[in-house]
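Q: Read off the chains here:
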Amino acid sequence: MKSFRVKIIAVIMGMMVLLEGCWDMKDINKAYLPVVMGIGKGSKEKYKIILEIPDAAGKIQFLEKEAKSISKAIDLIRTDSEKSINLVHLRLMLFDRKVVDDGIRDIIDYAVRANDISIKGMIAIVDADFDKTLYHVISPTPEISTYDFFSKEAGWTPNQSLVTIWEAYRSQNSYSEDMAVPLLQNGERTIYAFKGTAVMREDRMVGKLNREETFLYNLFKGNYSGGTIEIAENTSVLIKQSKIKHHRHWSDKGPSLATDITLDVVIAESPSGKSNVQIEKEVRDQLNRNFEMTLKKIKGYRSDVLGIGVMYRPQLTEEQIKNWKSKWFPKLEQKINVRVNVINEILIKDEAHLDQTFIR
Amino acid sequence: MQHFDPEIVQSLESGLQERFHQRSDFLCKHVVIAGEKFKAYYFRTLVNLPKTLSILNQIGIDRKNDLKWNSIHSMEVDAPVSLNELYNHLLRGKLILLGQEGFVAVIEPEHAELSRPVMSPNSENPLQSAFDAFTEDLDTNIGLIRKKMISDQLVIETRSVGSQSIKKIALVYLKGTTLPEVIESVEKKLEENAHHELTTVRDLTQILGHPKFTLIPTYISSELPEETVQNLLNGKVVILMDQFSFAFAFPAIVSDLWSTTLDVQYPLLFQQFLRTIRGASLLLSVTLPGLYVVLNSVNPELLRIQLAITVAKSREGVPYPSLIEALLVLLLLELIVEATIRLPKNIGPTITMIGGILLGQAIVQAKLVSNLLIIILVASAISNFALTSYMNAVGVRLYKYVVLVVSSIFGIWGLEAALVWVILYFASLTTCTVPYLSWSVKGKTADE
Amino acid sequence: MNKFPTIILFFLLHLASIFAIFPERMMVSASKGHWMPVAIIFLVELLVVRLYLKALSKFPGKTILDLCSDAAGKWGARLIVLPLLVFLFLEVVLLTYYLSVEIRTVLLPKTPTYATSAIFVALCFYGAWKGLSVMIRASMGWFILFMPFILFSMLISIGNFNVRYIFPVWDSQFSFLWRPDFYVGTVIFAGFLFLGMTPSHLRIRFGTAAALVGVIFLFALTAVYVPLLIFGQETAIHFQYPMLMASDTVDLEWVVFDWLPSFYVVSSSGLGLIKVAVLLSMLMTMLKQLYLPKAKNRWILAVVCLFLYAACQWIPNAKALDKFLYINSCLCLYSTIGFPIIVYLSTKWRRKEVRA
Chain X
1 MKSFRVKIIA VIMGMMVLLE GCWDMKDINK AYLPVVMGIG KGSKEKYKII
51 LEIPDAAGKI QFLEKEAKSI SKAIDLIRTD SEKSINLVHL RLMLFDRKVV
101 DDGIRDIIDY AVRANDISIK GMIAIVDADF DKTLYHVISP TPEISTYDFF
151 SKEAGWTPNQ SLVTIWEAYR SQNSYSEDMA VPLLQNGERT IYAFKGTAVM
201 REDRMVGKLN REETFLYNLF KGNYSGGTIE IAENTSVLIK QSKIKHHRHW
251 SDKGPSLATD ITLDVVIAES PSGKSNVQIE KEVRDQLNRN FEMTLKKIKG
301 YRSDVLGIGV MYRPQLTEEQ IKNWKSKWFP KLEQKINVRV NVINEILIKD
351 EAHLDQTFIR
Chain W
1 MQHFDPEIVQ SLESGLQERF HQRSDFLCKH VVIAGEKFKA YYFRTLVNLP
51 KTLSILNQIG IDRKNDLKWN SIHSMEVDAP VSLNELYNHL LRGKLILLGQ
101 EGFVAVIEPE HAELSRPVMS PNSENPLQSA FDAFTEDLDT NIGLIRKKMI
151 SDQLVIETRS VGSQSIKKIA LVYLKGTTLP EVIESVEKKL EENAHHELTT
201 VRDLTQILGH PKFTLIPTYI SSELPEETVQ NLLNGKVVIL MDQFSFAFAF
251 PAIVSDLWST TLDVQYPLLF QQFLRTIRGA SLLLSVTLPG LYVVLNSVNP
301 ELLRIQLAIT VAKSREGVPY PSLIEALLVL LLLELIVEAT IRLPKNIGPT
351 ITMIGGILLG QAIVQAKLVS NLLIIILVAS AISNFALTSY MNAVGVRLYK
401 YVVLVVSSIF GIWGLEAALV WVILYFASLT TCTVPYLSWS VKGKTADE
Chain U
1 MNKFPTIILF FLLHLASIFA IFPERMMVSA SKGHWMPVAI IFLVELLVVR
51 LYLKALSKFP GKTILDLCSD AAGKWGARLI VLPLLVFLFL EVVLLTYYLS
101 VEIRTVLLPK TPTYATSAIF VALCFYGAWK GLSVMIRASM GWFILFMPFI
151 LFSMLISIGN FNVRYIFPVW DSQFSFLWRP DFYVGTVIFA GFLFLGMTPS
201 HLRIRFGTAA ALVGVIFLFA LTAVYVPLLI FGQETAIHFQ YPMLMASDTV
251 DLEWVVFDWL PSFYVVSSSG LGLIKVAVLL SMLMTMLKQL YLPKAKNRWI
301 LAVVCLFLYA ACQWIPNAKA LDKFLYINSC LCLYSTIGFP IIVYLSTKWR
351 RKEVRA
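Residue numbers (this note's numbering), protein chains in the order written: chain X, 1 to 360; chain W, 1 to 448; chain U, 1 to 356.
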């Protein structure tokens, strides 16, 4: 009798759980899974949020609302949409240039704080007509090409910069680093076209690097996987491998950094008659020149996008790290020395024509 | 063979007559053996009288020298004291001879042909081993084991259990290999519950004092003497039941879920591979349906976006939540499995085809369930049958539902909780003094 | 006589703290040279474990409770054990609360905490009810089931490391010694107390324990440094669950699943389960042996679990959790450092008495 009663109670408890339970049960086809979120300036309110929702057929659905805060806007979208909105698969946040001018700290904080947004998503700035870029659709679109654009496994090239939400959050809080955010615009045949890199100081955009400069930026950061350098007409080399070595010095005047970059390149295109030695020299000179200019430009922005402060961390005390951006970074002396090594593994021999003349 | 007062014999006779008078196969015949007259009492269906008589006639009955009797094949002389014992002997197929001068003998006669010969197994498909299987006859079975395993350490104890109907069982173990505690606990339980009725396997486990509700069988049953020998070598106690063509090895431990004893016939690497596969299939068959619900409705963030979109597409238009969907198809699947098990072998494939192909195809096209679900559930069912024995598979099949329900409420946390509970349950399970989570029955190590 | 499961349980109980509470406290307690507080904690643990095991090895077959009541009498033992009991209870409550909140935030945002913690407490009840030796046996299953997840969620984010965030490595002032968070980190000690309650044939020697502490030290270091190397100290202190965030930074194509923090929560809650269950069964044994010898195990446990469940519902927010963690750290220091020393001393006394 007693055990019977216990059983009854157990059954009732179980039923209660079952009947009341399933709090989180929401079938996957009953929710929109947006992949891209555009954050622009609203016409009436502070933010305009645009969500891009792909479906398996390759179509993209757009949902848009304006509100004073992002979560409110999403709430409004949710109210009007026929399915619920699940942000867990959000992979790209696009900021309007105008929003960035007001600072993106709050937005990044929101993205990190929201527990349904993965912090491995990317951020980028739209440096063109915001609506046009967001609503730009090329058909037929494979469902996730917006994400693939930045994926290192898919469409990323060293000419693009890339920054994830967590990196942005880190740079925002870091004493020794600033972030560089890619600038996008709608493409002609592709979804986006890469326009360059925004140099941020804290959470404001202070300058812009063009595509070549972005390439150098990536080279310096070591984010490297294959890419071409064009030297003169008809001459370009393909970078196979790059080695970067930083020599740090710290004197009373401040930090000074000498960076050796060794590039293993193969010749992709060259006019006949140009020897490897010559190409080597040209590449070296050009890269050195370009680097110098880029570094100067970045330093002019007073933004440590290259993360040099992090390199100095071993030598700094806690106090000095805290003052890095304000005190030490402006005093930084920076030199770059590029070395180029032509490894010829592409099908044509360098000295072949010499042999031919010899035979003649 | 014993001499009694003729009066007692008289009373025995009448007792026998009375007790069995409605049994049409019970006979009393006057026979002449070696020139002497006897009354033979026996069951016609169990005893081959003409043959027995001819053998008896050949030897003749020596009233004085009992030893001679014992030395003869298939003959046994006993000392019946009470009527009850006589009944038992009769029911076990013995022949009772009552002579003049109060002569009573119980003789092991030639039996009627009731047992089938040793054949190849019906419910198991060994790949690389001996192909003979146990039959119904206890002695044959013991003989099979003896033949497979020539060892003086092999102990065989025969006992009879039951009060209403009596069942002969044999307790077989290897001395020195099997842990003394195990043998002791089994013997103790058999002793204690000797009067329980024993007709089914469940009775046997109850007699051995195993818990009534277990998720996994506490024994391994096998039809193959070869496997039984391996079980013995692994330190298990084997119980053979008369008229039951399976041997039961006690206690089962966790590794029996994924290893069969016949694995040792393969090269070591293959054996490891096969066991890994089975271990994986165990995990898969328990978790897959639950995982489907988790990924589909509670924690869709676990899916990659590419997959999420296709899954969402495949569920588009399915009217009910994924738990109900999964339960429906699971029910259907169980029906197919149950339907095919007892069907004659030549109809089975038809059902499989109708159920599997036609219904599966139709149900997806009718948008009643998503096709991903069908894939998942079939994978789960297949991995279920990759487990070593049907008995194990049933427990896993059952627990799958628990996992399913819990994970539909609590998502991946529920799934985890269900698995944790199973581990705790396994850890707390102890049969015949051996914890379920042991590497082997031989050593004392305990773990999974 | 296989002690392997005991070793595993020892390991898992420590990992449980490493996957909850410990790393973030260590990160907050020092602004640089984080390995130092971790190393100090483990050195202390080594010392205490040595005393504890030494005391136990002198009297094989006796649990710490026997030792205490032999040395100090029944009431003395009750007095000695009382703070330990409170500590165990608080620790269990805090861990349960912490994990249910973690589960709710990451896995089940809409499910109320009372439901998730109900399952949690029910499982721990079941485990503790079955007893310590069952838990020891089950720890192997745990190991096999959760170790892949543990290693996975610890090491998956290696690609995002920036080694230079390790600096500065030396804190010459030992400033962490003055931070209460450092002492909260001592909850990790609770993992060795169970050794005093096991049947004596399952006890491990000091050498093994020391080696284990070494391995665990490595894990603890990894747990502290993974978020540090990814986010840098300045950022990492902003996070409630730094390890969780660290595992969210990973995006690898070959990983079939997408939301990797889930795996962190799975392993962390799994480890939490075993820890709470073991501590509960210790609590039960102590209550039964010293205070309520007449009550049935099951009922003691049921009451304790009810209190545990109620207390979990009662904690209002993370701030309260913090406050209790600080309170608990004093008790923790007593139970994990003071108590083993008392046990050790009491065995010394007893030996003298025996000799005299």
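Just so you know, these hints were derived from the structure itself, not from any lab. Please note that the accuracy of each hint is not assured.
DSS-like mimics (lysine-lysine), calculated; alpha carbons at most 25 Å apart, straight line [what the hints assert, rightly or not]:
#1 X:LYS327 <-> U:LYS32
#2 X:LYS7 <-> U:LYS130
#3 U:LYS110 <-> X:LYS72
#4 W:LYS313 <-> X:LYS7
#5 U:LYS110 <-> X:LYS325
#6 W:LYS212 <-> U:LYS110
#7 X:LYS83 <-> W:LYS313
#8 U:LYS130 <-> W:LYS189
Some chain W residues well away from chain X (every beta-carbon gap over 12 Å; in silico) [unchecked claim]:
#9 ARG19
#10 SER297
#11 GLN306
#12 VAL405
Just so we're clear, the structure is a prediction, and the values are computed from it rather than from any experiment. In this text, a Cβ means the ideal position worked out from N, Cα and C, and glycines have one as well.
Q: Compare the structure with each hint and give your call.
A: Checked hints:
1. X:LYS327 <-> U:LYS32: 21 Å, holds
2. X:LYS7 <-> U:LYS130: Since the Cα atoms of LYS7 of chain X and LYS130 of chain U sit roughly 20 Å apart, the hinted pair holds (cutoff 25 Å).
3. U:LYS110 <-> X:LYS72: 18 Å, holds
4. W:LYS313 <-> X:LYS7: Not OK: LYS313 of chain W and LYS7 of chain X at ~42 Å, beyond 25 Å, violated.
5. U:LYS110 <-> X:LYS325: Violated, because 42 Å separates the two Cα atoms, which is more than 25 Å.
6. W:LYS212 <-> U:LYS110: 39 Å, violated
7. X:LYS83 <-> W:LYS313: Given pair LYS83 of chain X, LYS313 of chain W holds - Cα atoms ~14 Å apart, limit 25 Å.
8. U:LYS130 <-> W:LYS189: Judged against 25 Å, a Cα distance of about 23 Å means the pair holds.
9. ARG19: 42 Å, holds
10. SER297: 5 Å, violated
11. GLN306: Non-interface label fails for GLN306 of chain W: nearest chain X Cβ at 6 Å, not farther than 12 Å.
12. VAL405: 7 Å, violated
This entry does not satisfy hints 4, 5, 6, 10, 11, 12, going by the numbered hints stated previously.
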